[in-house]
Amino acid sequence: MRPLAADPAHETFILNVGPQHPATHGALRVKLTMDGEYIVEAEPVLGYIHRMHEKMGENRSYPQFMPNTGRLDYLSALCYNHGYAGVVERAAGIEVPERAEYIRVVTVELNRISSHLLWLGAFVLDLGGFTPLLYVMDDREQILDLLESVTGSRLTYCYFRFGGVYNDIDDDFIVGARNFVKRMREKLPMYHNLVSKNIILRQRLEGIGVISPEMCRKYGATGPVARGSGIAYDVRKQEPYSVYSELNFDIPVYEQGDSMARYLVRLDEIEQSLRIVEQGLDKMPEGPVMAAKVPKAVKPPKGDYYFAAEAARGAFGVRLVSDGTTTPYRLKLRSPSFSNVSLFGEAARGLLLADALALFGSLDLVIPEIDR
Amino acid sequence: MSGYPEIFRVLAYIVGTLAFVGLNAAFLVWLERKVAGHIQRRIGPKEVGPFGIIQSLADGIKLMSKQLVVPERADGLLYRLAPLMTMTTAIMVFVTIPFGPALVARDLNLGMLVIFAFASVNVLALLLAGWGSNNKYSVISATRAVSQNVAYEVPMLITVATMVMIVGTMNLNEIVGQQGNLLQWKIFPWNGSVMLPVAFLIFFICALAETNRAPFDLGEAESELVAGFHTEYGGMGFGLFFLGEYAYVFVGCALTSIFFLGGWQCPLGWAPGVHWLLIKTYLLVFVVMWIRWTFPRTTIYGLLNLSWKVLVPFALVNLIVTAALLKVF
Chain A
1 MRPLAADPAH
11 ETFILNVGPQ
21 HPATHGALRV
31 KLTMDGEYIV
41 EAEPVLGYIH
51 RMHEKMGENR
61 SYPQFMPNTG
71 RLDYLSALCY
81 NHGYAGVVER
91 AAGIEVPERA
101 EYIRVVTVEL
111 NRISSHLLWL
121 GAFVLDLGGF
131 TPLLYVMDDR
141 EQILDLLESV
151 TGSRLTYCYF
161 RFGGVYNDID
171 DDFIVGARNF
181 VKRMREKLPM
191 YHNLVSKNII
201 LRQRLEGIGV
211 ISPEMCRKYG
221 ATGPVARGSG
231 IAYDVRKQEP
241 YSVYSELNFD
251 IPVYEQGDSM
261 ARYLVRLDEI
271 EQSLRIVEQG
281 LDKMPEGPVM
291 AAKVPKAVKP
301 PKGDYYFAAE
311 AARGAFGVRL
321 VSDGTTTPYR
331 LKLRSPSFSN
341 VSLFGEAARG
351 LLLADALALF
361 GSLDLVIPEI
371 DR
Chain B
1 MSGYPEIFRV
11 LAYIVGTLAF
21 VGLNAAFLVW
31 LERKVAGHIQ
41 RRIGPKEVGP
51 FGIIQSLADG
61 IKLMSKQLVV
71 PERADGLLYR
81 LAPLMTMTTA
91 IMVFVTIPFG
101 PALVARDLNL
111 GMLVIFAFAS
121 VNVLALLLAG
131 WGSNNKYSVI
141 SATRAVSQNV
151 AYEVPMLITV
161 ATMVMIVGTM
171 NLNEIVGQQG
181 NLLQWKIFPW
191 NGSVMLPVAF
201 LIFFICALAE
211 TNRAPFDLGE
221 AESELVAGFH
231 TEYGGMGFGL
241 FFLGEYAYVF
251 VGCALTSIFF
261 LGGWQCPLGW
271 APGVHWLLIK
281 TYLLVFVVMW
291 IRWTFPRTTI
301 YGLLNLSWKV
311 LVPFALVNLI
321 VTAALLKVF
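Just so you know, the protein sequences line up as chains A and B, in that order. Note that the UniProt record's numbering gives residue 280 to position 280 of the first sequence, counting from 1, and the numbers run on in steps of one. Note that the UniProt record's numbering gives residue 89 to position 89 of the second sequence, counting from 1, and the numbers run on in steps of one.
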């Protein structure tokens, strides 16, 4: 990094990255003010695929909004299902059977692994390595097949219901999930050998694109971005929901705050998620997967409710203001990518274009979730 | 072929070189896709012809059938000139490459210099393409390509100078002639200088960088610069850049095999001929592809650091040690 031109007459130009650009992985536009190959200012321009999900929430009945949550972040849709189901259950006082909670945790963690795997492929693709993308697709396919067998869909899941899940898991799923855990444990060292230990990759990530813990707090960054900067914040540990408090897992934290730290956090999280899946399958109790008495028309009592779930990209919070009718008065979705993209402008200042795009990739942004 | 009038000879070689550049590109595109496919646990093209071998022909027909569009605010002359320039130089470098003992278009005494001279002109074509397109990505890419080529030309030419000291000639055919069997290959340290394996590595890395191949493909870094200097090119404009790139990959690998691996000579000394050069060159091309589909891309400073801080010092040490050795013995 070099000091930027203090001289106002120093010539800069504007480089438009996106909304159609290979590095943005979606319709996000970043307006870069460049001094040669150095970035003077980076300004993310949002809203290219704004779909008014929050407004739709105010106009639909509670169950009708559930499919929308799967379309916020299409890569870890179940985490968002969980956040929305959680807030309505808290508001309406619906008890969830224990088996349903375990099924939720197992499927959500599988979904988290698939999301991190796809991120790994896309991130290395951003760095110019094409091959890992095809490898992760192979592993991710196993998860998609598993989840398809219980949820009925492969990407935009709508599996959770208020009071449980839509469909019980069967023996095939349990055997398949155990096989996947075994397979993935064998595959992870391969990814470390192929990608993490690669000298070019390490030169491009280590010490580059540093995000300080203060910056994370300032912009409200959560998830692997914050944990890569030394902030041990994970909703699953800080405000345990569902059955996470009964499961044994660690929160990987790295102090460096560079792109490599965020990369390693995600790879370690895959390992931890495998542990959770394994324990969840071991502890899976028998019983119903839906609460016995769930009213057809959910009418939470008047009030203001909040529920947060840890999505693959950070804390997904839902604030629900109910006026006692069948539709919410206000439904505010706090999506992690929105906060994470906000710090890009500050973090990218003074970086080279290539490093800034590596930093951009390490934030793991899903654009529909930013725009909502 | 000395019995024929000069004009036939020239015509034969023009046609032969053009055909070879085209066929080479078609073959390498197919090979690249097959190699990439198998590295990525898929099978690559398989529909058009047996093993998809005619795929590149289909791609070529598609490219040729496209309308040539010149962007409205581009510099029309430079924009049109650039692909022609890259293609011309790509063909010219084939002039002095000895494919076989007698199979060389022009057996010049300074053959080596001709190749490097024309290869250096290629960077001008990239610069013109970047500038003429009037696209910011293209301009950034062009500046990258120029600084990259300047940086890597230095260690490459120092290494070549070292080789010239050892072999004592700039005639490529004579260089090959000195490497009659495996033990005489110039990659081995007992054939003139202990530094020869290092020289081989430096030359090969520089050849990768000079041909803009991964991990040094900064000029067309697709995740940063969309498609770099050929962002605005479509149809055969793009096609010519593509042909040129593969021609240079072939030339880079062919030169490596001529300098270090005995060119058209057989490792065991029998049946020398064009097939040996092709086998060695395409094996090296395979290595180039293997590297491309395994490594991520470097950045511009990583690339320049590698050249100025590692390759240039090593090349200079190589030059000095070799000169001293030749003087002493």
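Hint data in this document are derived by calculation from the structure and do not stem from the laboratory. Given the structure is predicted, the values throughout are model-derived calculations rather than measurements. Any given hint might turn out to be false.
Stated by the list, open to error - Derived lysine-lysine pairs resembling DSBU-like cross-links, with alpha carbons at most 30 Å apart:
id, chain 1, residue 1, chain 2, residue 2
1, B, Lys62, B, Lys34
2, B, Lys46, A, Lys197
3, A, Lys296, A, Lys237
4, A, Lys332, A, Lys302
5, A, Lys302, A, Lys182
6, A, Lys187, B, Lys309
7, A, Lys332, A, Lys299
8, A, Lys31, B, Lys136
9, B, Lys46, A, Lys187
10, B, Lys46, B, Lys34
11, B, Lys309, A, Lys197
Unchecked claim - Stretch-level coverage of chain B by chain A, calculated; a stretch enters the list once three of its residues show a Cβ under 8 Å from a Cβ in chain A:
id, segment
12, 68-78
13, 97-107
14, 154-163
15, 168-180
Yeah, the Cβ is synthetic: ideal placement off N, Cα and C, and Gly gets one too.
Going through the hints against the structure:
no. : hint                   : result
1   : B:Lys62 with B:Lys34   : holds (20 Å)
2   : B:Lys46 with A:Lys197  : violated (34 Å)
3   : A:Lys296 with A:Lys237 : violated (33 Å)
4   : A:Lys332 with A:Lys302 : holds (16 Å)
5   : A:Lys302 with A:Lys182 : violated (47 Å)
6   : A:Lys187 with B:Lys309 : violated (37 Å)
7   : A:Lys332 with A:Lys299 : holds (18 Å)
8   : A:Lys31 with B:Lys136  : holds (13 Å)
9   : B:Lys46 with A:Lys187  : holds (29 Å)
10  : B:Lys46 with B:Lys34   : holds (9 Å)
11  : B:Lys309 with A:Lys197 : holds (22 Å)
12  : 68-78                  : violated (count 0)
13  : 97-107                 : violated (count 0)
14  : 154-163                : violated (count 0)
15  : 168-180                : violated (count 0)
When the structure is compared with the earlier hints, violations turn up for hints 2, 3, 5, 6, 12, 13, 14, 15 and for no others.
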